[in-house]
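Protein chains: 4
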Amino acid sequence: MLAETAYGKSSVRLVKVSRHGDRHDLKDLTVAIRFEGDYDQSYTDGDNRDVLPTDTMKNTVYALAAGSSVEEPEAFGVVLARHFLDRNPRLRRVRIDLTEQPWGRIAIGTREHGQAFVRQGAESRSATLQGERDRITVGAGVRDLVILKSSHSAFAGFLRDEYTTLPDASDRILATAMTATWRYRTTDLDFNLTWHAVRNTMLEAFAEHDSQSVQHTLHVMGRAVLDSVDAVSAVRLVMPNKHHLPVDLSRLGLENRNEIFVPTDEPYGLIEATLTR
Amino acid sequence: MLAETAYGKSSVRLVKVSRHGDRHDLKDLTVAIRFEGDYDQSYTDGDNRDVLPTDTMKNTVYALAAGSSVEEPEAFGVVLARHFLDRNPRLRRVRIDLTEQPWGRIAIGTREHGQAFVRQGAESRSATLQGERDRITVGAGVRDLVILKSSHSAFAGFLRDEYTTLPDASDRILATAMTATWRYRTTDLDFNLTWHAVRNTMLEAFAEHDSQSVQHTLHVMGRAVLDSVDAVSAVRLVMPNKHHLPVDLSRLGLENRNEIFVPTDEPYGLIEATLTR
Amino acid sequence: MLAETAYGKSSVRLVKVSRHGDRHDLKDLTVAIRFEGDYDQSYTDGDNRDVLPTDTMKNTVYALAAGSSVEEPEAFGVVLARHFLDRNPRLRRVRIDLTEQPWGRIAIGTREHGQAFVRQGAESRSATLQGERDRITVGAGVRDLVILKSSHSAFAGFLRDEYTTLPDASDRILATAMTATWRYRTTDLDFNLTWHAVRNTMLEAFAEHDSQSVQHTLHVMGRAVLDSVDAVSAVRLVMPNKHHLPVDLSRLGLENRNEIFVPTDEPYGLIEATLTR
Amino acid sequence: MLAETAYGKSSVRLVKVSRHGDRHDLKDLTVAIRFEGDYDQSYTDGDNRDVLPTDTMKNTVYALAAGSSVEEPEAFGVVLARHFLDRNPRLRRVRIDLTEQPWGRIAIGTREHGQAFVRQGAESRSATLQGERDRITVGAGVRDLVILKSSHSAFAGFLRDEYTTLPDASDRILATAMTATWRYRTTDLDFNLTWHAVRNTMLEAFAEHDSQSVQHTLHVMGRAVLDSVDAVSAVRLVMPNKHHLPVDLSRLGLENRNEIFVPTDEPYGLIEATLTR
Chain A
74 MLAETAYGKS SVRLVKVSRH GDRHDLKDLT VAIRFEGDYD QSYTDGDNRD
124 VLPTDTMKNT VYALAAGSSV EEPEAFGVVL ARHFLDRNPR LRRVRIDLTE
174 QPWGRIAIGT REHGQAFVRQ GAESRSATLQ GERDRITVGA GVRDLVILKS
224 SHSAFAGFLR DEYTTLPDAS DRILATAMTA TWRYRTTDLD FNLTWHAVRN
274 TMLEAFAEHD SQSVQHTLHV MGRAVLDSVD AVSAVRLVMP NKHHLPVDLS
324 RLGLENRNEI FVPTDEPYGL IEATLTR
Chain B
74 MLAETAYGKS SVRLVKVSRH GDRHDLKDLT VAIRFEGDYD QSYTDGDNRD
124 VLPTDTMKNT VYALAAGSSV EEPEAFGVVL ARHFLDRNPR LRRVRIDLTE
174 QPWGRIAIGT REHGQAFVRQ GAESRSATLQ GERDRITVGA GVRDLVILKS
224 SHSAFAGFLR DEYTTLPDAS DRILATAMTA TWRYRTTDLD FNLTWHAVRN
274 TMLEAFAEHD SQSVQHTLHV MGRAVLDSVD AVSAVRLVMP NKHHLPVDLS
324 RLGLENRNEI FVPTDEPYGL IEATLTR
Chain C
74 MLAETAYGKS SVRLVKVSRH GDRHDLKDLT VAIRFEGDYD QSYTDGDNRD
124 VLPTDTMKNT VYALAAGSSV EEPEAFGVVL ARHFLDRNPR LRRVRIDLTE
174 QPWGRIAIGT REHGQAFVRQ GAESRSATLQ GERDRITVGA GVRDLVILKS
224 SHSAFAGFLR DEYTTLPDAS DRILATAMTA TWRYRTTDLD FNLTWHAVRN
274 TMLEAFAEHD SQSVQHTLHV MGRAVLDSVD AVSAVRLVMP NKHHLPVDLS
324 RLGLENRNEI FVPTDEPYGL IEATLTR
Chain D
74 MLAETAYGKS SVRLVKVSRH GDRHDLKDLT VAIRFEGDYD QSYTDGDNRD
124 VLPTDTMKNT VYALAAGSSV EEPEAFGVVL ARHFLDRNPR LRRVRIDLTE
174 QPWGRIAIGT REHGQAFVRQ GAESRSATLQ GERDRITVGA GVRDLVILKS
224 SHSAFAGFLR DEYTTLPDAS DRILATAMTA TWRYRTTDLD FNLTWHAVRN
274 TMLEAFAEHD SQSVQHTLHV MGRAVLDSVD AVSAVRLVMP NKHHLPVDLS
324 RLGLENRNEI FVPTDEPYGL IEATLTR
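Protein chains in written order, with my numbering: chain A, 74 to 350; chain B, 74 to 350; chain C, 74 to 350; chain D, 74 to 350.
Just so you know, not all the hints are guaranteed correct.
Unchecked claim - Derived lysine-lysine pairs resembling DSS-like cross-links, with alpha carbons at most 25 Å apart:
1. A/Lys-315 to D/Lys-100
2. B/Lys-100 to D/Lys-315
3. A/Lys-315 to C/Lys-89
4. D/Lys-100 to B/Lys-89
5. C/Lys-100 to C/Lys-89
6. A/Lys-100 to C/Lys-315
7. A/Lys-315 to C/Lys-100
8. D/Lys-100 to D/Lys-89
9. C/Lys-100 to B/Lys-315
10. B/Lys-100 to B/Lys-89
11. B/Lys-315 to D/Lys-100
12. A/Lys-89 to A/Lys-100
13. C/Lys-315 to A/Lys-89
14. D/Lys-89 to B/Lys-315
As the list claims (entries may be wrong) - Covered stretches of chain B, going by a simulated chain A footprint (3 or more residues, C-beta under 8 Å):
15. 113-126
16. 222-234
Just so you know, the hints here were simulated from the structure itself, not pulled from any lab data. In this text the structure is predicted, and so the values were computed from the model without any measurement. Heads up, the beta-carbon is just placed ideally off N, CA and C, and yes, glycines get one too.
Pulled out of the complex, with its shape left as it was, chain A reads as follows (with noise of 0.2 Å):
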């Protein structure tokens, strides 16, 4: 029996540049689409009349870039999944991922540049579409987004077993490259505008808090954000712990007045939870 097929095309990469005069736009994004829907006959027959080649998914993202705005991640990826929808009626659901890469403007002095750019951040933007015949869901997330809290961060009071050596810290490097991607209620909505709102309210959030654990900075960012923004409807943080060790320096004669860390790669925490209203 076969079950949870899907095919589709990863990695298209697309750069738009929309030209007003002097001054031109540029938007960097990496799209993935999935189908799945009534295609098992190509799986067990080989039989592939009805299978839309994946080389014609990649031509269509450029075909309809070139007549549609980019501006908007989650709006181009609605253009796709419709487009997708109306023309194969053997797919039952499509799924439309687009990565951003974010790009700044140079500056000369206090003037921006309108068409030399420099790429900003480790961060990158992204928005999903599931579209079904009836219906698509928009969301969007941002991921890599590294953040550090020096202060009002502890860990204590946990439960302890026969392997546990791990102190109590009341004081210690709180860091994370989350990867946060939440659900609209709408498709109808200032997506970029949106988007940069949500960004802010948990990093607001972070950074204000007084925090017990990855898990509750978590729960608390993911609250601010259904607290804000209403047309958000649920929310999901994926939380690593970017552990930060304080270097034992009294082994070289020296004291570590909390200054002096090592941050390690693994192993590492990993935090995860959805928030819903």
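With chain A fixed as given, assemble chains B, C and D onto it according to the hints.
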């Protein structure tokens, strides 16, 4: 409302050397542990009293590795899962993921050296344990098994629309970096032997088969596993299509007799399915 | 015969938090140390008596970071270089490489938070110290500065042979992930201020210039640095050409008005040069 | 003043399938080309008239691969180097770097399949050609050969200062991801045979030797190559020390009988040397 919460430790690196006189065995594993359970209070109130620190999970891996065999990743995973379920009443489900980095012995002429090793393969072996109060499910897999057919691979007769430019191909290169995962019916099995049987079955099916598409090949490989290895109850295959495009030499005044290809990383097709009995 | 020997420690990760009341400063560095000297006996005879362990080099980074400012990576590098030269008579030349991962402060409305930070940029800042008995040379740099011009970039009038298929381009996208390194005349300098001056100078030159090729742009950027920043005695630029290819939409029945591009990672052009006074 | 200029094309991906009836040969190479010569005008004046586009370099790889054997990367590199030197009078020195990704044949029982392949090894084979008007120098190498000794490895009796905390080790794990490069005396050689001879010689020396340090092992391996393989005139080895730290189980109430290790990626020691005759 809080949903889909989980927390754990990832990328716990472990090398165990077992000494049998002059002949040592080397096992190189990366372990991830993931707890799901009644831990909402840690999120909502910052109350850690029921939270086993992820640092303790890491220590537990090393402690149990010292007292148990790690020769079979699946069996070591069962030991870990049982340990955590036994000690943590609030734990509803524990997931243990193990990845084995493969090593071979260095050859001295025709003899294998007992204490010197060389890393083998880009691929890695995986094992996944899902433990709940009343049962533990064991799965295994292979990640990034890179395989290529230079013959008996076609893709033709597919659906065409106004954006289709791909020509029919009767003799193309088929290549993928396959990830396969499968579930066992039982926890009582020769896991090492069975893993090799599944891997060989997939490789032989891939090599011997006349491919009409990636979907078609995926199905043949999955079916071969279910047909040949009784202990497997379901198998999932994820196959990125690592496109090898024939170079257009006609622009250089030359002919390409299906010999010269450029492998590309992006974009790539992505085909997935699960086969169950 | 033994030649070009060197040994040292790489990827020493260091985060230092300096506390000034409510306002913390965060510095995130990765340090590499490389010794060249009279250590042949350790290679030929396995005699370690003169070998300072690389583990001690790592400890030294943390010990000196506790007692010195790390606010300027270049100045901290001088401290490290002098320390090692003073204590190790067999050391002929020491090289210290420092990479700074940039962090900014999280904004709360228009106010900067004193103790919460967000990672900025994909680029990183580098510093390189070459220390010998009689002098220390200081260099600095920027790695992976990703920049793009959507106008004023051409590549035409080049050499053609029988394998040339590239058409002249009068208006193409120019993009690169530049790595620049430069040498200072002195160790007595405001390193942070000067680093920003060099970076800004390069960005402005890139933005304002009419590019005839990557080579041409590289030269203009390097020359601008030598013209504007007296303290720099030489600058080296390495510029991979991150090709953005216009998509051929004519096969899809559409016109590409120089708007739709596919960025590609491989193959890539690679252009390098050093400019000295 | 302009110095150390170079330009070229990197990451040119090439797969060639050679068909001998039912048995195909597969060669998977990545090629980089680097020109040094009298190209200053392209930098200073944006004058491209003498610049062979890097796109043409890429085309040339495919054109020459169609007409030449690529069975030996070194020999194919010589063909490329000669081609560029013959046609480009301003070219003073050309460097060709080739990296081979290794593939093996899929086994069907004890038979090798003629047209189905599986990627082998994390390591890759390299070849480097330095071509000038009057001569071409051929080199070869292996990259990321990951090897480990679980016995006969010590590090003791080293220099100590106030920051030394490392204890003497009489029986530690030694592991490295070695990169070795060597130069041949001649361009007239069975390159495939010789490459395997060098690799085997290094592996055997590594396995059989009593290591007092990474430096010591590096020297023994390099010396074995010069002693065993006449065609090699010099060999360079770069050996990152992939530390495997014994886990301190005493804090968990257990004893570590030199069995349980945590491999770490950072920081790492880095040891290098060249051996010449």
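Right, here's what the structure says about each hint:
1. A/Lys-315 to D/Lys-100: Roughly 41 Å between the alpha carbons, so the hint for A/Lys-315 and D/Lys-100 is violated.
2. B/Lys-100 to D/Lys-315: Holds, at about 16 Å.
3. A/Lys-315 to C/Lys-89: holds, 15 Å
4. D/Lys-100 to B/Lys-89: Not satisfied, since the Cα-Cα distance of roughly 36 Å exceeds 25 Å.
5. C/Lys-100 to C/Lys-89: holds, 5 Å
6. A/Lys-100 to C/Lys-315: OK: A/Lys-100 and C/Lys-315 at ~16 Å, within 25 Å.
7. A/Lys-315 to C/Lys-100: Satisfied, since the Cα-Cα distance of roughly 16 Å is no more than 25 Å.
8. D/Lys-100 to D/Lys-89: holds, 5 Å
9. C/Lys-100 to B/Lys-315: Roughly 42 Å separates the two Cα atoms, so the pair is violated.
10. B/Lys-100 to B/Lys-89: holds, 5 Å
11. B/Lys-315 to D/Lys-100: holds, 16 Å
12. A/Lys-89 to A/Lys-100: holds, 5 Å
13. C/Lys-315 to A/Lys-89: holds, 15 Å
14. D/Lys-89 to B/Lys-315: holds, 15 Å
15. 113-126: holds (count 12)
16. 222-234: holds (count 7)
In this structure, the hints that do not hold are numbers 1, 4, 9, in rising order.
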